[in-house]
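**Q** Here is how the chains run, residue by residue.
Protein chains: 2
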Amino acid sequence: MSKKENTQALRGMLDYPPKDMEVRTYLRHGIELTAEKFGFKEYDLPIIEALDTFSHKTSSEILQQQAYSFEDKGGRKVLLRPEITPSLARMAAGQAKAYKRPFRWYIIGACYRYERPQKGRLREFHQLNFDILGESSVLYDVEILQLIAELFTAYGIAPHAYQIRYNHRGFAQVALRMLAKMDGAKQSIFFQMVDKKNKLSVQAFEELCHKNFSDEATRDFIKSYLEKTSVSAVTELLETLRKLLSQQLLATKPENAAIENFIKQVENFSQLRKLLGLVDFPSKPIYDPSIVRGFDYYTGLVFEVFDASGEITRSLFGGGRYDLLLAGYLPKQGDLKNGLTGVGFGMGLHIVRLFLEKLGLPLRKKIDTDGKAYLAMMVDRTNTNAKTEASSEEVLALQSFAFKVAACLRNKGYAVEIGAAASSLQKLFTQAKSRGYTLVSILGERELATKAFSLKNIASGEVKNFSLLADAKRK
Amino acid sequence: MSKKENTQALRGMLDYPPKDMEVRTYLRHGIELTAEKFGFKEYDLPIIEALDTFSHKTSSEILQQQAYSFEDKGGRKVLLRPEITPSLARMAAGQAKAYKRPFRWYIIGACYRYERPQKGRLREFHQLNFDILGESSVLYDVEILQLIAELFTAYGIAPHAYQIRYNHRGFAQVALRMLAKMDGAKQSIFFQMVDKKNKLSVQAFEELCHKNFSDEATRDFIKSYLEKTSVSAVTELLETLRKLLSQQLLATKPENAAIENFIKQVENFSQLRKLLGLVDFPSKPIYDPSIVRGFDYYTGLVFEVFDASGEITRSLFGGGRYDLLLAGYLPKQGDLKNGLTGVGFGMGLHIVRLFLEKLGLPLRKKIDTDGKAYLAMMVDRTNTNAKTEASSEEVLALQSFAFKVAACLRNKGYAVEIGAAASSLQKLFTQAKSRGYTLVSILGERELATKAFSLKNIASGEVKNFSLLADAKRK
Numbered sequence: 014m015s016k017k018e019n020t021q022a023l024r025g026m027l028d029y030p031p032k033d034m035e036v037r038t039y040l041r042h043g044i045e046l047t048a049e050k051f052g053f054k055e056y057d058l059p060i061i062e063a064l065d066t067f068s069h070k071t072s073s074e075i076l077q078q079q080a081y082s083f084e085d086k087g088g089r090k091v092l093l094r095p096e097i098t099p100s101l102a103r104m105a106a107g108q109a110k111a112y113k114r115p116f117r118w119y120i121i122g123a124c125y126r127y128e129r130p131q132k133g134r135l136r137e138f139h140q141l142n143f144d145i146l147g148e149s150s151v152l153y154d155v156e157i158l159q160l161i162a163e164l165f166t167a168y169g170i171a172p173h174a175y176q177i178r179y180n181h182r183g184f185a186q187v188a189l190r191m192l193a194k195m196d197g198a199k200q201s202i203f204f205q206m207v208d209k210k211n212k213l214s215v216q217a218f219e220e221l222c223h224k225n226f227s228d229e230a231t232r233d234f235i236k237s238y239l240e241k242t243s244v245s246a247v248t249e250l251l252e253t254l255r256k257l258l259s260q261q262l263l264a265t266k267p268e269n270a271a272i273e274n275f276i277k278q279v280e281n282f283s284q285l286r287k288l289l290g291l292v293d294f295p296s297k298p299i300y301d302p303s304i305v306r307g308f309d310y311y312t313g314l315v316f317e318v319f320d321a322s323g324e325i326t327r328s329l330f331g332g333g334r335y336d337l338l339l340a341g342y343l344p345k346q347g348d349l350k351n352g353l354t355g356v357g358f359g360m361g362l363h364i365v366r367l368f369l370e371k372l373g374l375p376l377r378k379k380i381d382t383d384g385k386a387y388l389a390m391m392v393d394r395t396n397t398n399a400k401t402e403a404s405s406e407e408v409l410a411l412q413s414f415a416f417k418v419a420a421c422l423r424n425k426g427y428a429v430e431i432g433a434a435a436s437s438l439q440k441l442f443t444q445a446k447s448r449g450y451t452l453v454s455i456l457g458e459r460e461l462a463t464k465a466f467s468l469k470n471i472a473s474g475e476v477k478n479f480s481l482l483a484d485a486k487r488k
Numbered sequence: 014m015s016k017k018e019n020t021q022a023l024r025g026m027l028d029y030p031p032k033d034m035e036v037r038t039y040l041r042h043g044i045e046l047t048a049e050k051f052g053f054k055e056y057d058l059p060i061i062e063a064l065d066t067f068s069h070k071t072s073s074e075i076l077q078q079q080a081y082s083f084e085d086k087g088g089r090k091v092l093l094r095p096e097i098t099p100s101l102a103r104m105a106a107g108q109a110k111a112y113k114r115p116f117r118w119y120i121i122g123a124c125y126r127y128e129r130p131q132k133g134r135l136r137e138f139h140q141l142n143f144d145i146l147g148e149s150s151v152l153y154d155v156e157i158l159q160l161i162a163e164l165f166t167a168y169g170i171a172p173h174a175y176q177i178r179y180n181h182r183g184f185a186q187v188a189l190r191m192l193a194k195m196d197g198a199k200q201s202i203f204f205q206m207v208d209k210k211n212k213l214s215v216q217a218f219e220e221l222c223h224k225n226f227s228d229e230a231t232r233d234f235i236k237s238y239l240e241k242t243s244v245s246a247v248t249e250l251l252e253t254l255r256k257l258l259s260q261q262l263l264a265t266k267p268e269n270a271a272i273e274n275f276i277k278q279v280e281n282f283s284q285l286r287k288l289l290g291l292v293d294f295p296s297k298p299i300y301d302p303s304i305v306r307g308f309d310y311y312t313g314l315v316f317e318v319f320d321a322s323g324e325i326t327r328s329l330f331g332g333g334r335y336d337l338l339l340a341g342y343l344p345k346q347g348d349l350k351n352g353l354t355g356v357g358f359g360m361g362l363h364i365v366r367l368f369l370e371k372l373g374l375p376l377r378k379k380i381d382t383d384g385k386a387y388l389a390m391m392v393d394r395t396n397t398n399a400k401t402e403a404s405s406e407e408v409l410a411l412q413s414f415a416f417k418v419a420a421c422l423r424n425k426g427y428a429v430e431i432g433a434a435a436s437s438l439q440k441l442f443t444q445a446k447s448r449g450y451t452l453v454s455i456l457g458e459r460e461l462a463t464k465a466f467s468l469k470n471i472a473s474g475e476v477k478n479f480s481l482l483a484d485a486k487r488k
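So the protein sequences, as listed, match chains X and W.
Oh and the first sequence: position 312 is 325 in my numbering, straight run, nothing missing.
Oh and the second sequence: position 349 is 362 in my numbering, straight run, nothing missing.
By construction, these hints were calculated from the structure, which means they are not laboratory data.
Treat the hints with caution; some may be incorrect.
[Stated by the list, open to error] Pairs of lysine to any residue, SDA-like flavour, derived with a Cα cap of 25 Å:
#1 X/K378 to W/Y39
#2 W/K209 to W/Q78
#3 W/K417 to X/E280
#4 W/K371 to W/R129
#5 X/K110 to W/Q78
#6 X/K212 to X/Y300
#7 X/K90 to W/R89
#8 W/K32 to X/E55
#9 X/K486 to X/A420
#10 W/K440 to W/T382
#11 W/K86 to X/R423
#12 W/K210 to W/G307
#13 X/K297 to X/K378
#14 W/K54 to X/G361
#15 X/K417 to W/G307
#16 W/K86 to X/S72
#17 X/K446 to W/R114
#18 W/K32 to X/A63
#19 W/K379 to W/D293
#20 X/K417 to W/D293
#21 W/K385 to X/H42
#22 W/K110 to X/L23
#23 W/K90 to X/Q79
#24 W/K86 to X/R129
#25 W/K297 to X/R423
#26 W/K54 to X/Y300
#27 W/K90 to X/R129
#28 X/K210 to X/C222
#29 W/K210 to W/S296
#30 W/K379 to X/R114
#31 W/K54 to X/I380
#32 X/K379 to W/G43
[Claimed, not checked] Here are the simulated distance ranges between beta carbons:
#33 X/A217 to W/N478: 58 to 64 Å
#34 W/A472 to X/A483: 41 to 47 Å
#35 W/A410 to X/K224: 43 to 49 Å
#36 W/G88 to X/S73: 20 to 26 Å
#37 W/K86 to X/S437: 36 to 42 Å
#38 X/E370 to W/Q131: 44 to 50 Å
#39 W/N478 to X/L192: 48 to 54 Å
#40 X/T382 to W/Q131: 24 to 30 Å
Every value quoted in this text rests on a predicted model; they were computed, and no experiment measured them.
Think of the CB as a built atom: it goes at the ideal place given N, C-alpha and C, for glycine as much as any other residue.
Take these sequences, add in the hints, and give me the full structure.
**A** In structure tokens, the structure reads:
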């Protein structure tokens, strides 16, 4: 140990000393309260997972460029989870028979991505996930959005401060297929491109569009499709697709199954849209065809939550429906009826902290100093640091008395810190104050002799008296 | 996805579906309650650390054979922490000026060791650490042991069910040096050997002793030293050392500093022993010279907590004082006055769970079904799975009504799960029961028409009536 050691956490990772941990605890309490209100139960998962659990699930960009992956001492290819959903899918499939559906489950845990650290983006980040598994009705899509609204209300976020923008991956796929003849590969390119739209200038997006789609008609379609956001425009789009699909259903017998699935996607989106229209929201979700989400596993609803002021430009967080993610785990593959369909979202706690800070909202529970007592020892002599045993007898007597007082107060429901010993009252009160206490008990020779002590409120001056003897008698 | 995917967590790691997470939550609540009572604040740390933070701190056995260590994408040598104390030391040194001493801090988090998994030993394990930093008085050693007693009381563990056995590393070193002339290297061998004593038969331990110490006199000393556990034997040992040390202090001037430190260790142990004698404990800590702890950083008190029945043979957990661990971080090295001395313990949640199970104690909070309501929808027609939009209008109306009812009940403080839609009352009640609800509200056409609904207690038959109209009027 010749040079001074580094006290910093690794780049992109945060220490949480108590003042910062208080914020996470405050956020956690809001989450727990909301989970309770909505009948969700907490679960947890290992942070290390087999690489296989994430292959073909998490986006390949994350897996190849950002994952903390390595070989364990047994030669297994493992990673620190970059997100939670694929781990949840693994566990939920294993527990499919042990719990009644739907699973209404939530988790708060750490995830890991090796990215360039920046404001609101860390390499170790804590996030929550809320998911409903085993029900495919749009009812549960809406319930997830209601839960977000409730959580934001719990944090005191005003309705006008945030926006929920949503889209429907299945509906979008049908529209792209039917109206622009895009096959799966082209759709993937489209989704990847649109996912970047918010981060690009109008011109940069147009250039990207030019690069990806050489055909002018397709580019025109994309432009007009992304602009169709009004109620009437979406209704018209829905009607157009319905007509086209029912014509095709009649015309092309061999494609029936595919067309029927297309119709299902369109009607699912239509129902979702109607239900969102009927249900009360503090901040009504807004349809936005440019919301597509980065992960490949979404099948229906996709949504992102934004800072309405636009100051935080990228979305705060998002989620959606992923009805096929668990298919690979199940005996009859692709059998949706037996499958565990899912809808949910993940939310990073750090970005929410930044958002609350920006809005000037509370980040910590109000400190309650009632019932918190500081116990200090008054030693009127100079030999408190005595090295020989004989002279420390009195200190020992005082210390063991302090433990009796602490036990007495803790039994009465007080939180007690046994604090310093000093030879000046002033010093003891200063110490108590600096540690955030307003209730202080000073123990000295008199208290030791009488087995009685008092608790003084140093703000109000109020004094409460206690006696260990009286307490002992009562027992 | 041609073959069925594996739903298991990695070997030695546990999933925590809700029924298991409830146990961790129960344990966590006991910890939080106890922390509050003793004036401790929660903190958190990254799970990934620089390898350097653990070198020369954690035992080299753990570091070389059990650590999950790897290179990150930036070429840094990192590891997943195998224990928490070295990380705490790093952060506490960095925060030395930001917080008033002593730090009374606790953490609950995951640690990682690649060991052969066995009952009570996992590769990912959750543990808590309680530490008091910045005070070297034995008062805080005793406070840590008091906290453990309080935590065990919170879990309902009877005093006779556990034993706290303690020793003092500094005192042991002085005894080994003064009475058996063991130098530092020999002491290390002694400690490593004694740390394994509990796992070995008497004969195997004797053989190991023979291997490590060729000198018969030393072996005789070791045998008799480890047997000195009675109050009178320890008092005699203390007196012997005191005499020897005061003679040496007079005789050997150049060694004064070392001898003075030896005296300090002996007196520190003596004070600790006296204070432990004076303070009330549900289960009084027992002096045991064979408790030494595996980590090299302990300097004073060391202790382990045992299942008193002996059925769980290895210690449940342990801790101690580590006054030099932070020295390398501080400007003036080895300057204890400016240094952050520490005392604390780590406790694995899994082993405590096993211990509570063995004792037949509660592992979960009693389920409170009051105030938890299940909302079900009664649909009297057969077209609930209707694929066309027109026929689903009524379902949509019922669903959006359910959201209004849920919001109304949640506002009144109920936890509400919006549940299934079905065409049989019996089915709905069965579903509610199977999900653990006793309060059920069934929403059908009548409720939709009248905007009124009732909450039925299916255990007692009691019914409460509500009206959305009445609620709206009141606003």
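**Q** Against this structure, judge whether each hint is valid.
**A** Going through the hints against the structure:
1. X/K378 to W/Y39: holds (22 Å)
2. W/K209 to W/Q78: Satisfied, since the Cα-Cα distance of roughly 17 Å is no more than 25 Å.
3. W/K417 to X/E280: holds (23 Å)
4. W/K371 to W/R129: The given pair, whose Cα atoms are some 23 Å apart, holds under the 25 Å limit.
5. X/K110 to W/Q78: violated (38 Å)
6. X/K212 to X/Y300: holds (19 Å)
7. X/K90 to W/R89: holds (19 Å)
8. W/K32 to X/E55: Holds. W/K32 to X/E55 sits at ~9 Å (cutoff 25 Å).
9. X/K486 to X/A420: holds (16 Å)
10. W/K440 to W/T382: Holds, at roughly 20 Å.
11. W/K86 to X/R423: violated (50 Å)
12. W/K210 to W/G307: holds (12 Å)
13. X/K297 to X/K378: violated (29 Å)
14. W/K54 to X/G361: holds (23 Å)
15. X/K417 to W/G307: Roughly 33 Å between the alpha carbons, so the hint for X/K417 and W/G307 is violated.
16. W/K86 to X/S72: The hint holds at about 18 Å.
17. X/K446 to W/R114: The hint holds at about 13 Å.
18. W/K32 to X/A63: Satisfied, since the Cα-Cα distance of roughly 24 Å is no more than 25 Å.
19. W/K379 to W/D293: violated (30 Å)
20. X/K417 to W/D293: holds (7 Å)
21. W/K385 to X/H42: holds (18 Å)
22. W/K110 to X/L23: Satisfied, since the Cα-Cα distance of roughly 21 Å is no more than 25 Å.
23. W/K90 to X/Q79: holds (17 Å)
24. W/K86 to X/R129: holds (11 Å)
25. W/K297 to X/R423: holds (19 Å)
26. W/K54 to X/Y300: Violated. W/K54 to X/Y300 sits at ~44 Å, over the 25 Å cutoff.
27. W/K90 to X/R129: Given that 25 Å is the threshold and the Cα spacing comes to 18 Å, the pair holds.
28. X/K210 to X/C222: holds (10 Å)
29. W/K210 to W/S296: With Cα atoms ~23 Å apart, W/K210 and W/S296 stay inside 25 Å; holds.
30. W/K379 to X/R114: It holds: about 23 Å lies between the C-alpha atoms, which stays within 25 Å.
31. W/K54 to X/I380: holds (13 Å)
32. X/K379 to W/G43: holds (22 Å)
33. X/A217 to W/N478: 58 to 64 Å: holds (60 Å)
34. W/A472 to X/A483: 41 to 47 Å: holds (45 Å)
35. W/A410 to X/K224: 43 to 49 Å: holds (47 Å)
36. W/G88 to X/S73: 20 to 26 Å: Hint holds: Cβ distance 23 Å, inside 20 to 26 Å.
37. W/K86 to X/S437: 36 to 42 Å: violated (56 Å)
38. X/E370 to W/Q131: 44 to 50 Å: At roughly 46 Å between Cβ atoms, W/Q131 and X/E370 fall inside 44 to 50 Å, so the hint holds.
39. W/N478 to X/L192: 48 to 54 Å: holds (51 Å)
40. X/T382 to W/Q131: 24 to 30 Å: violated (47 Å)
In summary, the numbered hints that this structure violates are 5, 11, 13, 15, 19, 26, 37, 40.
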